[in-house]
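**Q** Sequence order for the protein chains is A and B. With the first sequence counted from 1, adding 3 to any position gets you this note's numbering. With the second sequence counted from 1, adding 3 to any position gets you this note's numbering.
Treat the hints as calculated values from the structure; they're not laboratory data. Please note that the accuracy of each hint is not assured.
Any copy, or any two copies together, can satisfy a pair, since identical chains are not distinguished.
Distance condition first, Cα-Cα at most 16 Å in a straight line; then the derived EDC-like pairs of lysine to aspartate or glutamate [said to hold, decoys possible]:
id	residue 1	residue 2
1	K469	E421
2	K221	E369
3	K221	D261
Note that the structure is predicted; figures quoted are calculated from it, not measured.
2 protein chains.
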Amino acid sequence: MKPFLVAPEEAVENLRKSRYRVGVFGFGHVGLTIGVGWGLAGAKVIGMTLDKQAIRLLESGLSPFPEEAYLSKYIENLRTRGLLEVTDDYSYGARETDIKIIAVPVYLSSEKKPDLTPIIRVSEEIGRSLIKGDVVIIETSIPPGTTRNVVRPILEEKSGLKADEDFALAYSPERISAGTVLADYLEKYPKIIGCDSPGSLNLVAKLYSAVVKTGVIKMSSTVAAETEKLFEGVYRDVNIALANELALLCEKMGVAYDEVRAAANSQPFSHLHKPGIGVGGACIPVYPYFIIETALNQGVQLQITQLARSINEKATELFIEKIVKAVHFLNIDPSKCRFALLGLSFRGGTSDTRLSPALRILEFIEKTGAEVKVCDPLVEKVEGKDIEILRDWRKAAQGADAIVIASDHKEFYQIEIEEASSLAGRETAILDGKNVISNLNGKPRYRVLYVGVGRPAYLLEPDGSKKKVEL
Amino acid sequence: MKPFLVAPEEAVENLRKSRYRVGVFGFGHVGLTIGVGWGLAGAKVIGMTLDKQAIRLLESGLSPFPEEAYLSKYIENLRTRGLLEVTDDYSYGARETDIKIIAVPVYLSSEKKPDLTPIIRVSEEIGRSLIKGDVVIIETSIPPGTTRNVVRPILEEKSGLKADEDFALAYSPERISAGTVLADYLEKYPKIIGCDSPGSLNLVAKLYSAVVKTGVIKMSSTVAAETEKLFEGVYRDVNIALANELALLCEKMGVAYDEVRAAANSQPFSHLHKPGIGVGGACIPVYPYFIIETALNQGVQLQITQLARSINEKATELFIEKIVKAVHFLNIDPSKCRFALLGLSFRGGTSDTRLSPALRILEFIEKTGAEVKVCDPLVEKVEGKDIEILRDWRKAAQGADAIVIASDHKEFYQIEIEEASSLAGRETAILDGKNVISNLNGKPRYRVLYVGVGRPAYLLEPDGSKKKVEL
Numbered sequence: 004m005k006p007f008l009v010a011p012e013e014a015v016e017n018l019r020k021s022r023y024r025v026g027v028f029g030f031g032h033v034g035l036t037i038g039v040g041w042g043l044a045g046a047k048v049i050g051m052t053l054d055k056q057a058i059r060l061l062e063s064g065l066s067p068f069p070e071e072a073y074l075s076k077y078i079e080n081l082r083t084r085g086l087l088e089v090t091d092d093y094s095y096g097a098r099e100t101d102i103k104i105i106a107v108p109v110y111l112s113s114e115k116k117p118d119l120t121p122i123i124r125v126s127e128e129i130g131r132s133l134i135k136g137d138v139v140i141i142e143t144s145i146p147p148g149t150t151r152n153v154v155r156p157i158l159e160e161k162s163g164l165k166a167d168e169d170f171a172l173a174y175s176p177e178r179i180s181a182g183t184v185l186a187d188y189l190e191k192y193p194k195i196i197g198c199d200s201p202g203s204l205n206l207v208a209k210l211y212s213a214v215v216k217t218g219v220i221k222m223s224s225t226v227a228a229e230t231e232k233l234f235e236g237v238y239r240d241v242n243i244a245l246a247n248e249l250a251l252l253c254e255k256m257g258v259a260y261d262e263v264r265a266a267a268n269s270q271p272f273s274h275l276h277k278p279g280i281g282v283g284g285a286c287i288p289v290y291p292y293f294i295i296e297t298a299l300n301q302g303v304q305l306q307i308t309q310l311a312r313s314i315n316e317k318a319t320e321l322f323i324e325k326i327v328k329a330v331h332f333l334n335i336d337p338s339k340c341r342f343a344l345l346g347l348s349f350r351g352g353t354s355d356t357r358l359s360p361a362l363r364i365l366e367f368i369e370k371t372g373a374e375v376k377v378c379d380p381l382v383e384k385v386e387g388k389d390i391e392i393l394r395d396w397r398k399a400a401q402g403a404d405a406i407v408i409a410s411d412h413k414e415f416y417q418i419e420i421e422e423a424s425s426l427a428g429r430e431t432a433i434l435d436g437k438n439v440i441s442n443l444n445g446k447p448r449y450r451v452l453y454v455g456v457g458r459p460a461y462l463l464e465p466d467g468s469k470k471k472v473e474l
Numbered sequence: 004m005k006p007f008l009v010a011p012e013e014a015v016e017n018l019r020k021s022r023y024r025v026g027v028f029g030f031g032h033v034g035l036t037i038g039v040g041w042g043l044a045g046a047k048v049i050g051m052t053l054d055k056q057a058i059r060l061l062e063s064g065l066s067p068f069p070e071e072a073y074l075s076k077y078i079e080n081l082r083t084r085g086l087l088e089v090t091d092d093y094s095y096g097a098r099e100t101d102i103k104i105i106a107v108p109v110y111l112s113s114e115k116k117p118d119l120t121p122i123i124r125v126s127e128e129i130g131r132s133l134i135k136g137d138v139v140i141i142e143t144s145i146p147p148g149t150t151r152n153v154v155r156p157i158l159e160e161k162s163g164l165k166a167d168e169d170f171a172l173a174y175s176p177e178r179i180s181a182g183t184v185l186a187d188y189l190e191k192y193p194k195i196i197g198c199d200s201p202g203s204l205n206l207v208a209k210l211y212s213a214v215v216k217t218g219v220i221k222m223s224s225t226v227a228a229e230t231e232k233l234f235e236g237v238y239r240d241v242n243i244a245l246a247n248e249l250a251l252l253c254e255k256m257g258v259a260y261d262e263v264r265a266a267a268n269s270q271p272f273s274h275l276h277k278p279g280i281g282v283g284g285a286c287i288p289v290y291p292y293f294i295i296e297t298a299l300n301q302g303v304q305l306q307i308t309q310l311a312r313s314i315n316e317k318a319t320e321l322f323i324e325k326i327v328k329a330v331h332f333l334n335i336d337p338s339k340c341r342f343a344l345l346g347l348s349f350r351g352g353t354s355d356t357r358l359s360p361a362l363r364i365l366e367f368i369e370k371t372g373a374e375v376k377v378c379d380p381l382v383e384k385v386e387g388k389d390i391e392i393l394r395d396w397r398k399a400a401q402g403a404d405a406i407v408i409a410s411d412h413k414e415f416y417q418i419e420i421e422e423a424s425s426l427a428g429r430e431t432a433i434l435d436g437k438n439v440i441s442n443l444n445g446k447p448r449y450r451v452l453y454v455g456v457g458r459p460a461y462l463l464e465p466d467g468s469k470k471k472v473e474l
């Protein structure tokens with residue numbers, strides 16, 4: 004029997020015994036994690052995606068994400084046991100499943116408003132096949148009120164059923180981070196669950212308790228659960244903006260922000276963040292706009308949230324200005340400068356380049372007409388660009404006038420000024436957008452202009468001398 | 004021999020054997036803590052303050068601060084052993100000591116600029132008596148550069164000696180919080196130490212290592228150490244402002260910020276703060292101005308830091324508006340309203356009323372001409388006001404039309420709506436500025452309008468029904 008027609012304990016038992024089919028709508032990073040998680044709990048999972056290459060890889064038992072290579076063994080295992088099917092047919096997935104989990108991403112329109120089209124399409128698809136007793140769960144991050152005011156009416160209209168009476172409806176945000184998705188989902192944090200009725204809440208909480216190992220937190224409403232997920236992102240965005248602002252002051256004062264931050268954070272009430280060259284990825288730069296929009300509809304101006312977003316958006320331009328100044332400082336004609344760009348992903352340990360500051364830097368370099376060699380240990384291609392991506396930073400650094408570090412991949416923490424200088428074979432500027440280089444002493448073969456973030460800039464001489472410079 | 008004339012190990016030995024006298028300039032909360040801490044390490048401490056009543060109490064072996072009553076046993080112990088002397092004669096303290104620790108507070112001028120007068124006066128006093136081999140340490144929170152550019156030149160000019168050559172100079176910020184000062188100083192966090200020479204740094208780090216149990220963090224300069232202390236405060240101020248902003252949105256959405264915050268913070272990358280009715284005390288509302296001023300001098304605008312300050316300053320006015328609306332909602336003539344104001348201190352567990360939002364609320368109530376009964380379990384008097392301060396909230400709540408909770412003393416967490424309603428004996432508004440009341444269910448004797456922070460307002464009826472209301 005369908006899960007919302009039996010006692011929650013029985014539904015859990017059915018899930019464990021592979022009597023339920025779980026449809027995961029959207030099978031990217033988030034969807035795949037959900038699929039593997041529920042599959043490991045015993046569910047028969049149908050993952051849906053339009054990405055043909057991902058389907059091909061998954062059908063061969065392979066993870067489509069290089070930073071999530073460890074998932075392959077689980078994918079292989081679930082496929083062998085008949086617990087994982089992948090398809091591009093969303094209608095089939097909607098028809099054949101008892102529990103439907105929405106994991107399609109919501110992005111921003113060109114006016115920076117949430118574009119709910121993917122959620123609406125999937126809701127319509129699900130609604131058309133919805134049967135009494137089914138369960139619908141949304142894991143996508145969405146503006147507060149979307150479950151209640153957008154998804155619910157669509158499901159009810161298309162199915163002729165009533166949410167919380169005929170079918171269970173829940174909002175339960177994913178809280179995963181590329182590189183550690185499965186552990187994040189299953190083992191690290193409690194699962195947040197929000198429903199608008201006790202019936203849905205009891206059932207969905209029980210089901211998740213059988214999937215994740217860290218327990219669940221029951222929220223009083225779908226809106227509260229939607230809000231909490233976005234607030235997590237706003238907290239980070241605001242604190243990164245604060246770090247950017249304070250780091251800039253440190254640069255002007257000739258003080259190292261890193262050092263100040265570490266000292267301040269030795270007290271447990273301080274959690275100063277790292278500064279950066281802009282915030283990338285599909286989450287932090289996006290969620291503040293969801294909540295800003297929600298607030299405007301309520302007549303509330305989120306001043307700090309808005310200001311933080313604009314500071315973080317300007318951070319990439321400020322870093323590009325530093326690149327220009329550094330090249331100028333070394334008397335290099337920008338259009339003739341040989342650039343090495345290390346890192347394309349929005350942060351280390353992921354191949355995700357969505358909204359990555361590195362791509363804006365790359366565009367800037369290409370516009371100047373300068374030559375550029377690009378390195379990233381994980382990114383395989385950049386949408387719409389025909390560029391060779393080197394795996395080893397050393398190859399990119401050879402003969403470079405300017406080495407720009409734009410992601411904090413673990414490989415880049417091994418970069419030493421002395422080796423970089425020798426590889427460059429000439430006077431070089433190193434623009435360390437992620438402060439991956441910690442040792443600024445040593446004797447580089449040629450003069451090096453080192454520029455970090457929240458640190459004074461230094462001119463490092465072959466004789467080992469070092470002096471602070473203003474760009 | 005004076006500490007800066009011997010090896011650091013020998014200086015520590017001398018300190019332990021009570022061969023050194025330590026002068027603490029300013030013997031309030033901070034100074035007293037420092038004095039007790041160094042005394043317990045073996046130093047002969049001379050504490051200096053102009054507060055005659057504090058001197059009288061200290062000479063009787065008593066802590067002058069009710070929330071720091073536990074210090075009395077240490078004070079008594081040190082006095083018995085001849086290790087603690089208190090005086091209002093700063094010149095005597097400057098003459099008679101080997102190690103001089105500055106702990107006078109720096110406040111803001113009426114233009115909200117740091118007023119360094121107390122630091123300058125004490126530096127002059129110390130400079131006049133400074134002897135080769137002495138140690139000078141500043142623990143007061145001050146704008147970056149003050150040690151190097153203000154204190155150092157004064158000490159050198161008045162003494163004819165050179166800092167870092169003839170005497171050691173260090174900046175080492177206190178990180179204590181009223182109510183737990185001694186544990187904060189000795190046991191909780193590492194001691195931050197910044198000097199502008201390795202000689203001063205080695206000596207002062209060794210000395211503090213003999214005083215505190217949690218080790219020291221050596222900073223690369225006095226400026227870096229001054230900066231870290233202020234950044235701790237800025238982080239808190241900005242995050243309280245963010246909480247205020249998000250809490251306001253929650254109120255409008257009818258969602259409980261508390262619930263959302265707890266859920267978000269179940270993930271370790273989120274540290275959303277509590278909202279409030281304005282930030283009080285001598286630290287958080289003050290330090291941002293120090294760093295804003297420093298930044299302006301460097302041509303940098305700290306936009307988030309400034310905005311946060313202005314949001315937090317407006318928070319008290321917003322709460323006062325809520326009081327007005329609540330009284331209006333119950334159709335009470337404001338000038339005839341009987342108010343109970345619970346809490347005067349800037350937060351729970353302290354008697355400190357400096358910049359306390361409660362005082363602004365009190366002023367507002369007094370201006371309306373309304374009657375007000377005031378309760379605070381720790382505050383004994385309010386400067387310039389002749390008011391009776393009740394100890395028990397119940398006495399204040401008797402016959403009240405409006406109960407305003409403005410500090411989160413632990414006693415107030417025991418307030419129950421039902422008891423408050425019975426004490427009031429009439430329809431009442433409860434304005435819970437600290438969200439101390441968690442149980443909004445139950446059957447109050449009379450109708451209660453409950454208004455918290457970041458929560459929807461509720462009308463609670465004697466029959467146990469509860470409805471959200473918009474003020």
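**Q** Decide, hint by hint, whether the structure agrees.
**A** Status of each hint after checking the structure:
{"no.": "1", "hint": "K469 with E421", "result": "within (13 Å within a copy, 70 Å between copies)"}
{"no.": "2", "hint": "K221 with E369", "result": "neither (50 Å within a copy, 44 Å between copies)"}
{"no.": "3", "hint": "K221 with D261", "result": "between (38 Å within a copy, 14 Å between copies)"}
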